[in-house]
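Q: Given next are the chains, with one letter for each unit.
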Amino acid sequence: VSTAPSNPEREELLFGVQTNAELSDQLLSTTWRSRSRTFGLLVIVTGSGTLVLSILIGYTLLTGIGVWGTTIPVAWAFDIINFVWWIGIGHAGAFISAFLFLLEQKWRTSIHRLAEAMTLSAVVQAAMVFVLHLGRPWFAYWLVPYPATMRTWPNFKSAMPWDVAATLAYGTISFAFWYLGLIPDLASVRDRAPTRIRRIIYGIFAFGWRGSAEHFRHYRIAYGLLAGLAASLAVFVHSIVSSHFATTLVPGWHSTIFPPYFVAGSLFSGFAMILTLVIPVRSIFGMQNVITKRHLENLARLTLVCSWVVLYSYVIEFFVAWYSAERYDRYIHFDALLKGHSSWVFGMALTCNCLAPQLLWWRRVRRQPVLLWLISVVVNIGVWSEHYSIIVLALQQAFLPSSWGEYHPKWVDWGILFGTVSFFLFLFLLFLRIVPFIPLAALKEVRERH
Amino acid sequence: MMCQHCETAPCEYVCPVNATVHSPDGLNEMVYNRCVGTRSCSNNCPYKVHRFNWFKWQTREPINRGLVELQRNPEVTVRDRGVMEKCTYCVQRIRNAEIEAELERRALRSGEVKTACQQTCPTGAIAFGSLRHHETEMVRRRSEPRAYQVLHDQGTRPRTVYMARLRNPNPELSSVDFATLRAPGEPGWVQEEGP
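Those protein sequences? They're chains A and B, same order as listed. With our numbering applied, the first sequence covers 1 to 450. With our numbering applied, the second sequence covers 451 to 645.
Be a bit skeptical, because a hint or two may be false.
Some, not all, of what chain B presents toward chain A, calculated at C-beta under 10 angstroms [stated by the list, open to error]:
| id | residue |
| --- | --- |
| 1 | V464 |
| 2 | P466 |
| 3 | V467 |
| 4 | N468 |
| 5 | R484 |
| 6 | G487 |
| 7 | S492 |
| 8 | V499 |
| 9 | F502 |
| 10 | W504 |
| 11 | F505 |
| 12 | R555 |
| 13 | V600 |
Restricting the straight-line Cα-Cα distance to at most 20 angstroms, the calculated cross-link-like pairs of lysine to aspartate or glutamate (DMTMM-like) are [unchecked claim]:
| id | chain 1 | residue 1 | chain 2 | residue 2 |
| --- | --- | --- | --- | --- |
| 14 | A | K157 | A | E317 |
| 15 | A | K157 | B | E457 |
| 16 | B | K564 | B | E548 |
| 17 | B | K564 | B | D475 |
| 18 | B | K564 | B | E585 |
| 19 | A | K157 | B | E479 |
| 20 | A | K339 | A | E326 |
| 21 | A | K106 | A | E406 |
| 22 | B | K564 | B | E552 |
| 23 | A | K339 | B | E636 |
| 24 | A | K293 | A | E326 |
| 25 | A | K157 | B | E462 |
In short, the hints are calculated from the structure, not lab data. Since this is a predicted model, take the numbers as computed values, not measurements. Just so it is clear, CB atoms sit at the ideal spot from N, CA and C, and this is done for glycine as well.
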């Protein structure tokens, strides 16, 4: 057990006091016990949201993306905002599973699989809205370098083919990492599940894992290697996403701070999203013994750190715009963002990303799950508003006043946004239902080593 | 505003599928059939010259009650739904003239290509031609001091050149106070109300 009883600060246990058998029963039985009514209701709500999303996607594909509010000069709006937001949310998953693993942070053990599942669900949304944003989504494969008959290649000077490669690599590595970590626990379900059919199905997916020392040796090597790959991707992917903007000459986008700024912003939204998911999961499934307030507190601290990096980036953005004395850049920052059409969205981003997280300085707030959950939702909204400000507010009033315009989202835009949120939650609920979502083998291992 | 056909075009390097490229004679070309509709080109165009086909505009029936003269130009490529388009400097007219000249085994003569906008402009405000035809009025005007490129400070090197409006700063002849004139975005600039 991890604590020194003399220190009241550390009195709270990280991973519970049950015996190994009790822990196994508690953590594995989520895959076969019947669900609570709350869970069923959530599945129905998010499932209907997913249905609405598929109808709206069908409508868009059949009619054309003109059904959205997007028009010239604002040629990117909800589509790319949602893409950047979703791919950003995925980043905290890689950070928690890979970075914290390489740094030997033991507290990550209870929540890393939840974070990875969040990453996978988020990458699915990101990939989907990215393909949908194209005018001709059926030719999305032209962004991939493949030996075409006409010897055409994607334009490697553009950020987009790199982005496609990064997103695909990210999805693949995240999936491999998640699945590799799952194998010992799938084998545990195979051994303990009450029905034969479950034992057979989980047995197939456990790939014949027997838990021998040899198995664990190979498993650790593979896990460490994938952690290294995933850790680098957590930094690369959003840097590439940011180069969609940083490599252009659009005032407000043309900025060298974008890669670190975007990575910090993505981790920010990712930590907030993990809190948004973990807090209800822990109370619905009664997992307070393994996901303790110390886990919540650590996540809250990381959120606070990211909030300050984001705030710093805002300050530098405005400072550079002023210091460069570049007319268009100054106009975007000091007029369009502060006084332009729908500039209140930027005000919302500032409030949600910079002001609200300051509550996390108080230990009591960090350990108060309901308040923490509300702050995490506010941060998610804030990061989305930030992307809105960067993309829409800059495009509305770029260079020539004769080509300025206003952006007004339509109901299809809102529908697709909430549809992806539903689909994301639906996939996450499926994950909670199907696999043991707290890594049992790793948890026991960390407990033993203490 | 129409496409400025920049020499260092910002739209070209952001297109992920090479759908907007440079031609050997300096045109900024759009390959409609290659476009997948990311709209990156429009975002990166400081002049915002691109127009996007948000819906499908082709029809199976002839338009304008079937009047042959009022059908869509058969020499212009059909643009599908989800494809970006913009001014081409009437590339179909340029290529037609080039083919004709080649058949007659001679070089293109000045004034042989007239763009549609040039042809229809009643005041003759638009001139078009090759920069190699030094004898033309168009080439001479480009070196006048009042010739300017829009947003030249962005380094796009546009081919289209505008002539600044001539104003007489004599206060007895003009009501404009030039000392207080400000460019858009400059401190002290006030956006004028439309009529």
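Q: Look at each hint and say if it fits the structure.
A: Verification of the supplied hints:
no. : hint               : verdict
1   : V464               : 5 angstroms, holds
2   : P466               : 3 angstroms, holds
3   : V467               : 5 angstroms, holds
4   : N468               : 5 angstroms, holds
5   : R484               : 7 angstroms, holds
6   : G487               : 2 angstroms, holds
7   : S492               : 4 angstroms, holds
8   : V499               : 8 angstroms, holds
9   : F502               : 6 angstroms, holds
10  : W504               : 3 angstroms, holds
11  : F505               : 4 angstroms, holds
12  : R555               : 32 angstroms, violated
13  : V600               : 7 angstroms, holds
14  : A:K157 with A:E317 : 25 angstroms, violated
15  : A:K157 with B:E457 : 17 angstroms, holds
16  : B:K564 with B:E548 : 13 angstroms, holds
17  : B:K564 with B:D475 : 16 angstroms, holds
18  : B:K564 with B:E585 : 17 angstroms, holds
19  : A:K157 with B:E479 : 17 angstroms, holds
20  : A:K339 with A:E326 : 18 angstroms, holds
21  : A:K106 with A:E406 : 50 angstroms, violated
22  : B:K564 with B:E552 : 18 angstroms, holds
23  : A:K339 with B:E636 : 16 angstroms, holds
24  : A:K293 with A:E326 : 48 angstroms, violated
25  : A:K157 with B:E462 : 9 angstroms, holds
Violated hints, listed in ascending order, are 12, 14, 21 and 24; each of the other numbered hints is respected by the structure.
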